[in-house]
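Peer 1: Residue numbers (the working numbering), protein chains in the order written: chain A, 730 to 962; chain B, 730 to 962; chain C, 730 to 962; chain D, 730 to 962.
Please note that the accuracy of each hint is not assured.
Identical copies look the same in the list; a pair holds intra-copy or inter-copy alike.
[To be verified] Only pairs whose alpha carbons sit at most 30 Å apart, straight line, appear in this in silico DSS-like list of lysine-lysine:
(1) K867 to K826
(2) K953 to K835
(3) K770 to K916
(4) K953 to K770
(5) K838 to K731
(6) K826 to K848
(7) K838 to K826
(8) K826 to K924
(9) K770 to K838
(10) K867 to K843
(11) K916 to K838
(12) K731 to K962
Derived from the structure by calculation, the hints contain no laboratory data.
Quick caveat: nothing in here was measured; it's all calculated off a predicted structure.
There are 4 protein chains.
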Amino acid sequence: MKVTLINHTPMPEKMIVGAARVCYSGAKDLDTLLDSITEEKIVEFLGKSALANHGSVWEHATFTFGLEGVSRALTHQLVRHRIASYDQQSQRYVSAKQFEYVVPPKIAKNPEAKELFDKTMGDLQNTYDRLVELGIPKEDSRYVLPNACASRLICTMNVRSLMHFFGLRCCTRAQWEIRDMANQMLKICQEIAPKVFVAGANCEQLGYCPEGDMCCGRAPTMAKLLETYKGSK
Amino acid sequence: MKVTLINHTPMPEKMIVGAARVCYSGAKDLDTLLDSITEEKIVEFLGKSALANHGSVWEHATFTFGLEGVSRALTHQLVRHRIASYDQQSQRYVSAKQFEYVVPPKIAKNPEAKELFDKTMGDLQNTYDRLVELGIPKEDSRYVLPNACASRLICTMNVRSLMHFFGLRCCTRAQWEIRDMANQMLKICQEIAPKVFVAGANCEQLGYCPEGDMCCGRAPTMAKLLETYKGSK
Amino acid sequence: MKVTLINHTPMPEKMIVGAARVCYSGAKDLDTLLDSITEEKIVEFLGKSALANHGSVWEHATFTFGLEGVSRALTHQLVRHRIASYDQQSQRYVSAKQFEYVVPPKIAKNPEAKELFDKTMGDLQNTYDRLVELGIPKEDSRYVLPNACASRLICTMNVRSLMHFFGLRCCTRAQWEIRDMANQMLKICQEIAPKVFVAGANCEQLGYCPEGDMCCGRAPTMAKLLETYKGSK
Amino acid sequence: MKVTLINHTPMPEKMIVGAARVCYSGAKDLDTLLDSITEEKIVEFLGKSALANHGSVWEHATFTFGLEGVSRALTHQLVRHRIASYDQQSQRYVSAKQFEYVVPPKIAKNPEAKELFDKTMGDLQNTYDRLVELGIPKEDSRYVLPNACASRLICTMNVRSLMHFFGLRCCTRAQWEIRDMANQMLKICQEIAPKVFVAGANCEQLGYCPEGDMCCGRAPTMAKLLETYKGSK
Numbered sequence: 730m731k732v733t734l735i736n737h738t739p740m741p742e743k744m745i746v747g748a749a750r751v752c753y754s755g756a757k758d759l760d761t762l763l764d765s766i767t768e769e770k771i772v773e774f775l776g777k778s779a780l781a782n783h784g785s786v787w788e789h790a791t792f793t794f795g796l797e798g799v800s801r802a803l804t805h806q807l808v809r810h811r812i813a814s815y816d817q818q819s820q821r822y823v824s825a826k827q828f829e830y831v832v833p834p835k836i837a838k839n840p841e842a843k844e845l846f847d848k849t850m851g852d853l854q855n856t857y858d859r860l861v862e863l864g865i866p867k868e869d870s871r872y873v874l875p876n877a878c879a880s881r882l883i884c885t886m887n888v889r890s891l892m893h894f895f896g897l898r899c900c901t902r903a904q905w906e907i908r909d910m911a912n913q914m915l916k917i918c919q920e921i922a923p924k925v926f927v928a929g930a931n932c933e934q935l936g937y938c939p940e941g942d943m944c945c946g947r948a949p950t951m952a953k954l955l956e957t958y959k960g961s962k
Numbered sequence: 730m731k732v733t734l735i736n737h738t739p740m741p742e743k744m745i746v747g748a749a750r751v752c753y754s755g756a757k758d759l760d761t762l763l764d765s766i767t768e769e770k771i772v773e774f775l776g777k778s779a780l781a782n783h784g785s786v787w788e789h790a791t792f793t794f795g796l797e798g799v800s801r802a803l804t805h806q807l808v809r810h811r812i813a814s815y816d817q818q819s820q821r822y823v824s825a826k827q828f829e830y831v832v833p834p835k836i837a838k839n840p841e842a843k844e845l846f847d848k849t850m851g852d853l854q855n856t857y858d859r860l861v862e863l864g865i866p867k868e869d870s871r872y873v874l875p876n877a878c879a880s881r882l883i884c885t886m887n888v889r890s891l892m893h894f895f896g897l898r899c900c901t902r903a904q905w906e907i908r909d910m911a912n913q914m915l916k917i918c919q920e921i922a923p924k925v926f927v928a929g930a931n932c933e934q935l936g937y938c939p940e941g942d943m944c945c946g947r948a949p950t951m952a953k954l955l956e957t958y959k960g961s962k
Numbered sequence: 730m731k732v733t734l735i736n737h738t739p740m741p742e743k744m745i746v747g748a749a750r751v752c753y754s755g756a757k758d759l760d761t762l763l764d765s766i767t768e769e770k771i772v773e774f775l776g777k778s779a780l781a782n783h784g785s786v787w788e789h790a791t792f793t794f795g796l797e798g799v800s801r802a803l804t805h806q807l808v809r810h811r812i813a814s815y816d817q818q819s820q821r822y823v824s825a826k827q828f829e830y831v832v833p834p835k836i837a838k839n840p841e842a843k844e845l846f847d848k849t850m851g852d853l854q855n856t857y858d859r860l861v862e863l864g865i866p867k868e869d870s871r872y873v874l875p876n877a878c879a880s881r882l883i884c885t886m887n888v889r890s891l892m893h894f895f896g897l898r899c900c901t902r903a904q905w906e907i908r909d910m911a912n913q914m915l916k917i918c919q920e921i922a923p924k925v926f927v928a929g930a931n932c933e934q935l936g937y938c939p940e941g942d943m944c945c946g947r948a949p950t951m952a953k954l955l956e957t958y959k960g961s962k
Numbered sequence: 730m731k732v733t734l735i736n737h738t739p740m741p742e743k744m745i746v747g748a749a750r751v752c753y754s755g756a757k758d759l760d761t762l763l764d765s766i767t768e769e770k771i772v773e774f775l776g777k778s779a780l781a782n783h784g785s786v787w788e789h790a791t792f793t794f795g796l797e798g799v800s801r802a803l804t805h806q807l808v809r810h811r812i813a814s815y816d817q818q819s820q821r822y823v824s825a826k827q828f829e830y831v832v833p834p835k836i837a838k839n840p841e842a843k844e845l846f847d848k849t850m851g852d853l854q855n856t857y858d859r860l861v862e863l864g865i866p867k868e869d870s871r872y873v874l875p876n877a878c879a880s881r882l883i884c885t886m887n888v889r890s891l892m893h894f895f896g897l898r899c900c901t902r903a904q905w906e907i908r909d910m911a912n913q914m915l916k917i918c919q920e921i922a923p924k925v926f927v928a929g930a931n932c933e934q935l936g937y938c939p940e941g942d943m944c945c946g947r948a949p950t951m952a953k954l955l956e957t958y959k960g961s962k
């Protein structure tokens, strides 16, 4: 997997704080208002503002990622995030001869499974190639290609949508491959805008775990918090 | 493939015309306004209104489809339509033992390809089952499953989004499987709301083909229309 | 203000539970799966499922409201909810002669303010009428019309979007007019689908208040809950 | 009215062409692919690609505008464009003492109307101030404020959404104020990305007018084009 930041809105932190100040400031004009956004004001605003309270301001900065060597299992999950833009390598138009594939770690660690997995991938390559030889179009031959098949895409999300994505996909309950990717994306975002991207998984963003019975234990659930709160009174 | 209409907004045609009349009518109250929408008014409005002119009114009616026996190749395309709601059978949680699969017609018609395809599907089933036996979780074993693997989902779209979907996916350029599904969905919609769903592929909706060089010839391209128009003057 | 339910997806509760079961069930076909959704299963699912955990299933049911006698101040706020469909009476095309207007309760209770307010509305009507007489088009004459001016619209939202809307707009921090409307809409929804619409304002949905420093005290803030939780250990 | 470009994705043209090439290229890796996008390839791609054919690629570049001195009549229309992000000066929290206002040109050109209009604005300022003096909160006093009242907002749209916006709002049928603003925004976009923003109103983008009976005559309608085309055969 290769995660690259291809492009992003310049000065994302200033944009977010500026958008918030537009709503509440009586400043004479927008230039004056934006010029007055110092590093200190950014820290102050981003320190106390919760995403939930004023989500729209987080939409004025976007990040574009290049994502390579990710499985079609991952991309099928990824594109379910609808407030985002995607362009993905087409299996209808691009030939899959010599396709690369993703090996799940639990398979990689199990010698028998690994051998079977690799052999299967080789067989599928042969089948695909043979179907193409038989005159079957790429768009039909690809029906034999596995979920493991590596894909490449460009993905653009604004900060609000990224925070939602990280909330779900950096969570320990997320599937390992998309979680790995989400963590890499988060790390890159944190280098560009550390005051904005202060947390990943929902439990880090919210302070509690919203997964209920499926909670991994990293943070208390709401049920636990409320029980303790009621008990204290 | 099995396409079923599971649910839909009652009286979709009346809703659409009613929404349009809210914008332009000075009628005393909404009840009066809605009561006055006769079959004749529906015909008149839907006959001359183009979707492009007043798209929002088409959003007040939604249709929910059950889609079964469609390939993961199809569902990966389908969920790229973002103004829609999906819930799909999970390969992480639902076992794929005895998975069903979709055979592309061009493979079905080629005996050698068909034999190879079926054998491959059988091998993949065996590989999947063996990986599960070896203790590999379903969410990782599924990496060997093919695009052909049959899936099941529920999909809800409003009429505006459906018209956009039909415009692209009933087109002869669409991939055969999603085109087949789109045509079945369109037929069902036309039974419920024939005055709304008067056309499918973009060339039928627009009167010309927007596919440019890739035009199949069913309708003239814009370049052709403009050339003829200029030549006539 | 008059809030009317004009239309809604039939059987919203069954749709929501059905969508969830599609994801996790290995049932032979969709008909079998949907037929097996009993009243008991609805209670069980909706009782323990949190919106946050599986939001997509709440999108397969939509509600359409007629909203009349609401101010343009309200509608400008309302249409900021983007995952929704609106059609509103046009001030460009519909004449505002004899316009109705909304009186804020705090003005209604203050005799001097009330008199001034009513007089101003009367003056604005005269100004509007005079501008039209002078040949100024409706779309320009309306520039003198006040935020108080009553409007009428049709609004369609799915359940997920409604829950988000109620979370923010049933909150005591919401502006009084949109809060009044949100409460009326919630009450109507609860009559149709009581197992789905079990809560309104965010504090009721979440168990805590996400408004931070601006909390009204009806529910503890996250800071308070975490402080108590840490203190208990 | 003051329209300012506050921020935009760097290299919007390269991003758009890059996104398109991701879909169809078999290049070894993304870096190689993006590095190979020359000025010539941009011209070639953007010259022949129609927005309709591959809309998603236009979403990877966004533009953020500061909009000042625009009426609330305009902003109520603007925020109906839902694939966009807005933050607007609040009349609940920001005092409207000494509010500025927009004068429609047809009123400005009519001395009697202009005098009446200005007097009304002055009266409304006095009424607003008096209500605040009487202890009425800003959020209620604003109910007397007119549509003409000047507002300020920040607006972010991606290129696909901007093209849709320009298509409708640069059209001669659009209301004069939002059309004026759309034309200014388009001019600014054309300076940054001239190969992308080659056209404004729908008739310029499409080659024909989609407004049907309401066509202003700048471009032929589809009915006219098809009639000519049929006549020529």
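Peer 1: None of the hints should be skipped; say for each whether it holds.
Peer 2: Hint check:
Proximity of K867 and K826 under a CA criterion of 30 Å is satisfied in both settings, with 10 Å inside one chain copy and 27 Å between copies. In the homo-oligomer, the alpha carbons of K953 and K835 never lie at most 30 Å apart, since the shortest distance is 33 Å inside one protomer and 41 Å across protomers. In this assembly of identical chains, the alpha carbons of K770 and K916 lie at most 30 Å apart only when taken from the same copy (24 Å versus 33 Å across copies). With identical chains, the CA atoms of K953 and K770 are at most 30 Å apart between copies only, with a shortest distance of 26 Å across copies and 36 Å within one.
Within a single copy, K838 and K731 get their C-alpha atoms as close as 21 Å, which meets the 30 Å cut-off; across copies the closest is 40 Å, which misses it. Both within a single protomer and between protomers do K826 and K848 lie at most 30 Å apart by alpha-carbon distance, with minima of 16 Å and 20 Å respectively. With identical chains, the CA atoms of K838 and K826 are at most 30 Å apart both within one copy (27 Å) and between copies (23 Å). Within a single copy, K826 and K924 get their C-alpha atoms no closer than 44 Å, and across copies no closer than 35 Å, so neither meets the 30 Å cut-off.
Proximity of K770 and K838 under a CA criterion of 30 Å is satisfied in neither setting, with 50 Å inside one chain copy and 40 Å between copies. For the homomeric pair K867 and K843, the shortest alpha-carbon distances inside one copy (28 Å) and between copies (15 Å) are both at most 30 Å. For the homomeric pair K916 and K838, the shortest alpha-carbon distance inside one copy (26 Å) is at most 30 Å, but the shortest distance between copies (50 Å) is not. Proximity of K731 to K962 under the C-alpha cut-off of 30 Å is found in neither arrangement, the shortest distances being 51 Å within a copy and 42 Å between copies.
Hints 2, 8, 9 and 12, counting from the list given before, are not met by this structure.
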